[in-house]
Every structure is written in structure tokens, then in C-alpha cells.
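S.K.: Protein chains in written order, with full-length UniProt numbering: chain A, 1 to 361; chain B, 1 to 418.
Hints should not be assumed to be uniformly reliable.
What the hints assert, rightly or not - List time: in silico DSBU-like cross-link candidates among lysine-lysine, alpha-carbon distance up to 30 Å:
(1) A:Lys95 x B:Lys63
(2) B:Lys273 x A:Lys270
(3) A:Lys260 x A:Lys179
(4) A:Lys179 x B:Lys66
(5) B:Lys273 x B:Lys364
(6) A:Lys270 x A:Lys308
(7) A:Lys179 x B:Lys383
(8) B:Lys388 x A:Lys187
(9) A:Lys179 x B:Lys215
(10) B:Lys63 x A:Lys191
(11) A:Lys280 x B:Lys135
(12) B:Lys383 x A:Lys280
(13) A:Lys187 x B:Lys125
(14) A:Lys280 x B:Lys388
(15) B:Lys215 x B:Lys383
(16) A:Lys191 x B:Lys388
(17) A:Lys191 x B:Lys364
(18) A:Lys187 x B:Lys63
(19) A:Lys95 x B:Lys66
(20) B:Lys383 x B:Lys66
(21) A:Lys58 x B:Lys66
(22) B:Lys383 x A:Lys95
(23) A:Lys305 x A:Lys260
As the list claims (entries may be wrong) - One side of the interface only, derived from the structure: several residues of chain B facing chain A at Cβ under 8 Å:
(24) His142
(25) Thr282
(26) Gly335
(27) Pro381
(28) Lys383
(29) Ile395
(30) Glu413
Calculated directly from the structure, the hints in this document are not laboratory data. If you're wondering where the values come from, they're calculated on a predicted model, not measured in any experiment. Don't be surprised by glycine CBs; every beta carbon is placed ideally from N, CA and C.
In case you want the letters, here they are:
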Amino acid sequence: MSRFPELTLIATLLATPLWAESPGRTATPEEIATWDIDVRPDGMGLPEGSGSVADGDKIFQAQCSVCHGVFGEGTGRWPVLTGGQGSLSDDRPVKTIGSYWPYLSTVYDYIYRAMPFGNAQSLEPDQVYAITAYLLYMNDEVDDDFVLSSENFLEARLPNEDGFVMDNRPEVELAQFSKEPCMTDCKPEVKITMHAAVLDVTPEETAAKSAEAATKSGTEGETASEPAAEPEAATAPATEETPAEAPAPVQAAIDPEMVKAGEKVFRKCKACHQVGDGAKNRVGPILNGVVDAPAGAVEDFKYSKALKAAADGGLVWSEEALGEFLRDPKGFLKGTKMSFGGLRKDSDVAEVIAYLRATAE
Amino acid sequence: MSNPDKTTKPSRRAFLAGAGVAGAGLATGAFAQDSAITVQPWMQELGDGVDAAPYGMPSPYEKDVKRRTVEWLTADNASSINFTPLHNLDGIITPNGLCFERHHSGVARVDPAEHRLMIHGLVDKPLVFTMDDLKRFPRSNHVYFLECAANSGMEWRGSQLNGVQFTHGMIHNVMYTGIPLRLLLEQAGVKPSGKWILAEGADAAAMTRSIPMEKALDDCLVAFAMNGEALRAEQGYPLRLVVPGWEGNMWIKWLRRLEIGDEPWHHREETSKYTDLLADGTARRFTWEMDAKSVITSPSPQAPITHGPGRTVINGVAWSGRGTIPRVDVTVDGGMNWHEARMDGPSLDKSMHRFYFEFDWDGKPLLLQSRAHDSTGYVQPTKEALRKLRGLNSIYHNNGIQTWSVDADGRAENVEIS
């Protein structure tokens, strides 16, 4: 594995420490366990646990599909997790867990370490096993009754494990690119073979653009400010504005304990929503002042047709309406883009609403 | 370097004034009085006193000098990139506020009092350090470039983005102050089987990379300062790993943990990302060193020639992950003939180097390129030569020669040539 055959030798050449007693102290086993979350292809670091494809499907739809799509196909510019097998030498390869990733341990490690986006290290081992199992299933590696566990983990291999080679630039490239190059009369003629595809990437007025505008004016007229090939932007532009003209609510005094508990519940929402000073629209709209505000009122956020229709019909996010929505988003508003599965506990609903109300203060 | 004067044309006055300095038309009386040569308000009125800006900022006339992103590149700005404005900079040091940003889960806002560095795994004695503990170790200062493996990645299949900031701006070059990683590892006592280190960040991506022990013991630093002040939050405050000459993703920001192991971890950023997919469908991994590379920063699409024909400065930067840059060649005719550029400023190992090529522009269109030679004898190749070896899907580690086409008006465009 090592590209450095001399490593063993080097490791033994470590000098004696600077000091017998150094600044710092011994890390306790408990402290190490708290932070040591990494998993390796040989199984080092895998926690006990198991999860089924069926359970993984449910968790994935609730926590992952908003970005990665129901089938792992990816929405907008979010990563594609499935498919692409056999495409790696194509003109447009699709690099996914199924087509490209060499080790399943990397999937497990990454999901726990960094996902869901904005709520990292929140999943239990059984949930991570389940999501990993679902991703294997969606990549046609296992059947729908498969259960992945710490026991059978090392048996599950990804198809592209042997698709990687060590950096071979020293053999393949360095000698070829270490020759004295030609300095004079190196070629008889030169032609431009390709022009920049995206001409107008500098977003605002600069000296360059002024010069460009000056020399172009009258010949090409207005140039489009956005590249023609731009995919639909996955992020809405930031807005500083909170929903306008929210009706002044008659509200009970805010219970700080409820707010505190609500902040914790809100972690489930944070992957998609921001709230507070400097909040920006993300996958979901900013939620500043959402309680008792008219629905669909955040400017520059692209709501679903269903939510727009409800807003046009006069929907206001009263505590009751918001509560129903949060308990069962798709049941309350068929066609909503919010792919959150819903809060099961009434106390969670009440607390998160208290938190959202508090953030409007 | 920037040109706040929004000229509507390459400035005839500036050009003529330049000619005047050269002695061509002194005191002929043919020039109108220069309106700048008057008694300006700042010559009469008092300016701000001390402390008007306790932390100083650039002149307001430099407001265009800033990092920029390309919105449509990524799905969310918490996992995205912006670019260093290379066309505005000179010398070799990147100012802290202009160093490009690449985050995978946004900028961690770490309280240094709540920050710890843990070293464990195959060691005699697992250790945990506070920031104060670390600052009791001997320190070292080094200037190093940090280049993202994806720098120029958008240009791999062909010229795409019109601006050196966007084609080459995933790089910065600063002086780091830090503790040699070797000293910390020796303190923990690495066991003979310890050949790899997993470095991990304290951000919500918990970014990880596997680093071979040889590199860790050679020149890696655990840095707490850049350009003389504490690291910027977006560069990993309060602690980042410095891995000189190697791809930027390995320079773990908000460094919280170093685990010593006998095998690499093959984590996401060293398998699914930052690997180089070749034409046959196999991929290179652990392509750590950044090959020698250079680029002309002006003229370039964001920094056109505005002074018309005559004396002209070509300005650029070069760097290599394998050493220094003793030489850069420049061509103005698309590579038919090359000239050695003038290297200027410090030449430091694994640091950015500055080069200039001064010439008399005849006002005809130019095809500008630069070609770096590093201290190992490696010569920066063309993109075409690289694509022949790597295929079209490789994307990362593009160190190919960049071409700017400059027209008779001084405007520059990103092109590829035969």
C-alpha cells in the first residue's frame, strides 16, 4: 500500500522527544472515543450495529432525498449517488458510489462524519448502516431484503475497488516533461482552436469589463449577464428581507425553556433552513418571522406550485397550520417541495414553533 | 494594480504622458493641462486621524480587488469555492483577506479556548494540546503556496472561464508560523508500525485526509498564523495543517485530530474526489504533489492593456510542489518563439515566484503564454500534452500552459491554440 518502501526505516528514525514532559497532557480513552469516528476499509472503527434496506429507504427519503433525490439521482447540482456503472471511460463519466467509489467503508464513514448536510454526526450507527444498505440496494449491489451490519460489512465490496492505481506521474510524465524545450522557430504557424466558453464570468463592473464594454459597444449590444449553459441555480439569491407586513400576532409570553428545546429540534431543519441574523435562503426559505406570517412570503425563494396556490388562497402560518404542516408536510400540503418526513412528537412541534417565534423577536 | 479609472478607451492621455516621460515630446505645449495637476481636496483638508480604522482596510479605490465565486459551479455556498484575484496582485505574498476559500460545510467559527489538538493511534502516549500548549513548542516560519487540486479544472477540456481569477485563482501564498509536525509526533512517540496519519478538521464536514508519515516528518507544520497574524477563520482558525507543495485539500483546516495508523483510510476526499480519472476508466490516487505551473496574470481578460502600444509589462506567477522556479519562459506569438522572463523577488522552496517580461508592444494581436521550469528540471507542459497522457476526464491537477489572446485594442481572451 505504501508508496514509500523506506517508511519503516524512517519511522524508526524519529528522534527522541524534545522534552521528557511536554506541554499538553495524556488523552484519556474516553476523550479519544468521543472524537475517533473514522472507519477504514479493513473495518477498523466500525461500530456495532445493523440496518436494513427498508429502514434505509425511510431515513433516506426523510433526511437525504431533498438534495440527493428519491433514488439517489441528485437534484440540481447536488451529488448523484447511484448509477453510472460502466461509464468511467465514457465522454461524460458518472462517478457515483456504485460506479467509482472503491470502498464501502468510505460511504459509512462519510455519512456519519458529514451528513445530513448541516446536521453532521447526528445519526445513530443503525441509521448509518441502514442508509448504507439502501445505497447498496439503489446501486443494484444487494436485494431489497438485505440487512447490512458490523458482522457482514467486510463482505460487501464495491465494484470499482480495483479501479485505482497509485500516482504514476514519476514514471509516466516526469521524464517526458523534463526536456530542454524549443526557444526559437518552434512551429511555422499558430491558430486559435478554441475560445472561452463563458465570456461574462466576472460578475460586476471592473476595469476589464469597462474596457470590454467600451470596445464592444455598438457592435454586439447587450451581452447576457449569465452564461447560456447555466444550469438552474440550486441556491436562491440571498435576501435581507423578512416576510413583509406580517400581521401583529397576539402572543403568549415566550417560555425560554421551550425555545431552548426548540433550538435543538430545529437541528433537523437546519440542513435546509436558516433563521436569525444573516440567514439566507438555502434549499428551503429563511424562517425569520415565519410564525403568523402569510405563507410563501419570502422574496426570491422559489416555492412549489402547491405552496404558491395555498398562499394565494390566503394560507397564514398560524401555530395551528404550521403545526399540522410540520407533523405531516406532504399530508398537509400535497406537492410541497419540503421532503421532510415530519415531526412525530407534539412536544417537538410546540418547541420548534416557540423557537421560530423567538427568533423573530 | 487595479485601474479605478474607468477609461472608455485605452487612454491616449496616459500613453502620451508615458511618451513624454520617455522624452519624446517634452514641453511642446501640445498638451492641455492635466486636470489631476491641480490643488486637490486631500492637499488642503485634514484626513482621518489615527485609529479611524483600528484594523486597516484597503483604499476605497481598490474595492474591485476581492475574491469572487462562480455561483453556478456548486449547489450551495457552504460547500463551494471562491477565487483569489491574481490579476490584481503583485509580489509573491497573498494578503490574508484575498486568499481563496474552499469549504465543505461552511466556515467553522471555533473558539480557540475550546479548541484541542489530539494525537492518538499507534503512539506510545496519546496526547491532547490546548492552543496555549502548542505555543510553547519551537516555531518555524515558511512561505508556501497552497493550490487546490481542482485549480484550472474547469479548463481541462478547453478554455472556459474568461479571467485568470477563475482559471487559476484557487491558489494563495502566505508565510505560515507553526510548529513542525515532527516535534509533536516525537512527543507522542510514533510506533514503528505507524506509517500514515489521518488529519481531521473540527468543521461540520470533519474533513479528513491520509498523510504518509514520511511527509509528516519532513516539512509539515501545524500552523496558527499566516502573514504574521492569526489564521483567518476561513483558513482554519485557530489551527491548520500545512503540507508544503501538496494539494490544498490535505491542508486540514480547524485541525483537531491526528490519528496514527498503519494503512491509509481511503476517505471520501481521497477516493471519490481529488483522484484523476484516466481515459481507460482507471484512476490515479494519492496524486499529492502539485506539478510546476505558471500563468500570466496581466495582461489577462480581467486586466487588459489600456495604455496602447509601446512599453508593456507582462506580469505573472509560477510555482512548483517539488521545489523552486529558477526560470520561466514567455511567448508573445503563441509559442513560435520564447524568451526568458525576468525572475524577481524571493525564490523560496514550494513558494509562489514572480516573473516579469518587459517588451515593446507594436499594437498587433498577441498570443501570450508562460512556461515554468522547476528546480528538478521539469518543464510545464501544454494542456494538449497532458490530455494525451491523461485523457479528457482527469480534470484535477491541470498544470497545463495557459494562453491569452490579446487583440489590437488590448483586450485579452482565454483561448487554446494549435
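S.K.: Please go over all the hints and tell whether each is borne out by the structure.
M.R.: Against the structure, the hints come out as follows:
1. A:Lys95 x B:Lys63: This hinted pair is violated, its Cα atoms lying about 40 Å apart.
2. B:Lys273 x A:Lys270: 25 Å, holds
3. A:Lys260 x A:Lys179: Given that 30 Å is the threshold and the Cα spacing comes to 66 Å, the pair is violated.
4. A:Lys179 x B:Lys66: Roughly 38 Å separates the two Cα atoms, so the pair is violated.
5. B:Lys273 x B:Lys364: 43 Å, violated
6. A:Lys270 x A:Lys308: Holds - the C-alpha atoms of Lys308 of chain A and Lys270 of chain A are around 22 Å apart, at most 30 Å.
7. A:Lys179 x B:Lys383: Within the cut-off at roughly 16 Å; holds.
8. B:Lys388 x A:Lys187: 19 Å, holds
9. A:Lys179 x B:Lys215: Between Lys179 of chain A and Lys215 of chain B the Cα gap is close to 28 Å, so the pair holds against 30 Å.
10. B:Lys63 x A:Lys191: 37 Å, violated
11. A:Lys280 x B:Lys135: Violated - the C-alpha atoms of Lys135 of chain B and Lys280 of chain A are around 38 Å apart, more than 30 Å.
12. B:Lys383 x A:Lys280: The given pair, whose Cα atoms are some 39 Å apart, is violated under the 30 Å limit.
13. A:Lys187 x B:Lys125: 63 Å, violated
14. A:Lys280 x B:Lys388: Not OK: Lys280 of chain A and Lys388 of chain B at ~44 Å, beyond 30 Å, violated.
15. B:Lys215 x B:Lys383: 29 Å, holds
16. A:Lys191 x B:Lys388: Distance ~19 Å between Lys191 of chain A and Lys388 of chain B Cα, so the pair holds.
17. A:Lys191 x B:Lys364: Given that 30 Å is the threshold and the Cα spacing comes to 15 Å, the pair holds.
18. A:Lys187 x B:Lys63: Judged against 30 Å, a Cα distance of about 43 Å means the pair is violated.
19. A:Lys95 x B:Lys66: 33 Å, violated
20. B:Lys383 x B:Lys66: 28 Å, holds
21. A:Lys58 x B:Lys66: Distance of about 45 Å is beyond 30 Å: violated.
22. B:Lys383 x A:Lys95: 23 Å, holds
23. A:Lys305 x A:Lys260: 34 Å, violated
24. His142: The hint is violated - His142 of chain B has no Cβ within 8 Å of chain A, the shortest such distance being about 19 Å.
25. Thr282: 5 Å, holds
26. Gly335: 6 Å, holds
27. Pro381: With a closest approach of 5 Å, the Pro381 of chain B hint holds.
28. Lys383: At 10 Å from the nearest chain A Cβ, Lys383 of chain B fails the 8 Å test, so the hint is violated.
29. Ile395: 10 Å, violated
30. Glu413: 6 Å, holds
Of the numbered hints given earlier, the model fails hints 1, 3, 4, 5, 10, 11, 12, 13, 14, 18, 19, 21, 23, 24, 28 and 29; all others are met.
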